[in-house]
Amino acid sequence: MKVREIESEKRVAIAGNPNVGKSTLFNELTGLHQHTGNWTGKTVSNAWGCCRSKKFSYLLADIPGTYSLLTRSAEEERARNFLCFEKLDACMVVCDATCLERGLNLLLQIMEIVPQVVLCVNLMDEARRKNIRIDLDILQTRLKIPVIGTNAHDPKCRKTVLDALDHFFSEPSPEGKEEHIPEGKEEPASEGKKEHAPEGKEELASEEKEEHALEGSSKNPVITYAPPVEEAIRNLSARLRQILPQTDLPFRWISLQLLLGDTSLLAELDRYLSALCPEKGILENVLSSSMPSGTQDLFTDQVTCKIAEYASSLCKEAFRVSGRAHTARCAHCCKNCIYALPSEQCGLQETSSAYLHSLDRRIDRILTGRFLGYPLMILLLLLLFWITIVGANYPSELLSSAFSWLEGKLDAAALAAGLTPWLKDLLIYGIFRTVAWIVSVMLPPMAIFFPLFTLLEDVGYLPRIAYNLDSYFQKCHSCGKQALTMAMGFGCNAAGVVGCRIIDSPRERLIAILTNSFVPCNGRFPALITMISLFIIGTGKFSADPHAPASSAGLPGHAFVAACCLTALILLGVLMTFLVSRILSATLLKGVPSSFLLELPPYRKPRVGKVIVRSVLDRTLSLLSRAVVAAVPAGLLLWLTANLTFHGRTILSLCSGFLDPLAKRIGLDGTILMAFLLGMPANEIVLPIILMAYSGQGFLQELGGSASIKAILTAHGWDTATALSVCLFSLMHWPCATTLLTIHQETHSLKWTLAAILIPLSAGITCCILFNLLMQTIRFFL
Amino acid sequence: MNPKTLLTLQPGEAGIVERLSCTGSLRRRLLDIGLLPGAQIVCVGCSPCKDPKAYLVRGAVIALRATDSRQILLKQEDSSEAGIRSARES
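As they're listed, the protein sequences go chains A and B. Sequential numbering from 1 applies to the first sequence in this note's numbering. Sequential numbering from 1001 applies to the second sequence in this note's numbering.
A portion of the hints provided could be inaccurate.
Said to hold, decoys possible - Pulled a few chain A residues facing chain B out of the computed Cβ check, cut under 8 Å:
hint : residue
1    : L70
2    : T300
3    : C305
4    : T368
5    : Y374
6    : Y467
7    : G480
8    : D504
9    : S595
10   : F596
11   : L598
12   : E599
13   : L600
What the hints assert, rightly or not - Among chain A residues calculated to face chain B with C-beta under 8 Å, some are:
hint : residue
14   : D297
15   : R361
16   : Q474
Since the hints were made in silico from the structure, they are not lab data. In this text, all values refer to a predicted model and were calculated from it rather than measured experimentally. Note that beta-carbon positions come from the ideal geometry of N, C-alpha and C, so glycine has one too.
Starting from the given sequences, assemble the full structure and let the hints guide the process.
In structure tokens form, the structure reads like this:
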């Protein structure tokens, strides 16, 4: 063996079922911070990361989780294409030890594509708690691939995995290793299965397996399918090989997929092919000629069953449940092992009763209960907001006083450096104040809300929300997973739009994309909080007194009212989502709801410390950079518009004067509308722009104190109604530029991108008009 | 007598899959999660509106809508009664 030879990078993909800890493992290995969460579909796009071991350097890819390689949703398609068309040195398949059978199912399929596979059985500690022991040696012998057991949260696993990979790559040839294992070893597997399941169908299967054993390790077949399937595969792959002679694709597997009617793979191959040979439609011809009609479903069943049977027999062998558990009568043991044991080993009664009395189920019965389900959801939201508002008050004050101190220093420094007055004004009052305002007002709520939200995500509550709300989404002819994408929208609408890939049906996915901006994101959220705490709880009545102390948000009672208002606003957003989804599926995107299949993961203990540190750091940094990147040019532009004059009036006042008539109709004014337009690159800066525009000189009058903000606003004719209109409009207007770009990327259509602007905008305008009519009526009668 | 489907299972009841009557993508999805003929499935709960119900299949809890679970035919057995009984016992 060559020692310490640093070869070129080894490309290794990390694949596996959803929610088995692929991203956690990836983070552990590469030291990166991919977002992780306890729900299916958290990772929707590929991520790359490097890591070095003693012998090699690896380029690791974290790909979205998938149940099988017969893809349906966009995120699974990505995973499939990646495994198929990227040149990989190896693939590491991650399995959940508590749900091994399904993981092996995928493993067997991946082994058909990528010859070099390492199996990593993750969550071994969770399995141990459930009294499941897995015999990794048996898996290794049977599958003829390296198998390792890990706990992704455990720092030690990094070494385990890297050692395994090193060992794997330093073997002379992986194929050679396979040959060491006598082929006869395959026999016991089929015999064992006969004992467990004496059914006719299985008999047939085991016969075929013997055939496979005889065929031995003749390069490819992991599994041999029924003769007609094999025949068809042979034919088709021979044809494909003729078309693509110089490429090194997994032909056997591609043929199989095409036979099972995977049309997206066909499109992908076409694209791949067009680079190599100009002839069009050649694949379709080949396929239609070599495929007997009407066999798709039959083949699908045969193939899936075959793979699943093999996986289940492997799984049965690998489980080492202590003592008597193999006899199905032992209810006590079954109680602990029910999560993982293949069906026949546990009696039905034991299985159901064990799960029905597990802690997870008891929590579920409360959180998704008939009477408590919805109230608890709303209460939880309320609690989050309350903590955020109460908690954000103090750091906010602290930050703003720190910034005003810093501003004084900067001012002095600029004077000392002899900067020209206009440049100093521009830099300090234009740019610095805007940035400082954003940081001090917006950062604290974010730094409190998101860790809390991430904790909920880590525990596994988000899928329960989707589960609870699905029946309403079904009534709107859309998918319950939309709730998950909305939850992601809280962080960032662009992320929410990308997250829509977890929805299978293209129609429902489009609905989810178009309605995602009804959830206020990171950027709009603080503005909402500020509006509410200034105008709704600061003063009771409509007679806003500019001199009243407005910073009373610190009082718990007021904070509670503010939290209630915020919750109501969010609920309104959710309601609008339902309404718009329903209207869309009745008009533009006609259709009936498609299938919905959502996994409810087990509740897991969140890693509190890690979550808080990560989300504070990640969010803080990203928010800061976004704010600075967006606010600097905006501050500049504003300063210019406020200081350049045209026919004696500043450009700013000209513009807002132009927008004013329209804006007055919806209870705003021209300046506000213009701020929303200018705030398109980043919604964070809408409120600062309003303030800058109001204070005549084109920069914020002074920093800090929410009282001063309120004074500026009320001086320009704001009252509670205006503030509420701004809140409504902020909740429903066009999505920010980043989100729009993402929508365009995801839909590949300018038309739908435009729709994503118009739909929330028209909803917002309608709501604002209705609200103002209501307010006028109230005022008329009072 | 109507064939017994997954929809008829109430929380706490169990059954064994006989066959799937759906085609296309839903069929593949269901096969993927392990709903093959002979697989056992337990209804473990329902959502507040009763529609998506949660089922325990091969170690994982999966939520399925009524329209989808209607497509999953179960074996005509009285194993479900056993399921209820055991749930009541403990």
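List, from low to high, the hint numbers that the structure doesn't satisfy.
-> none
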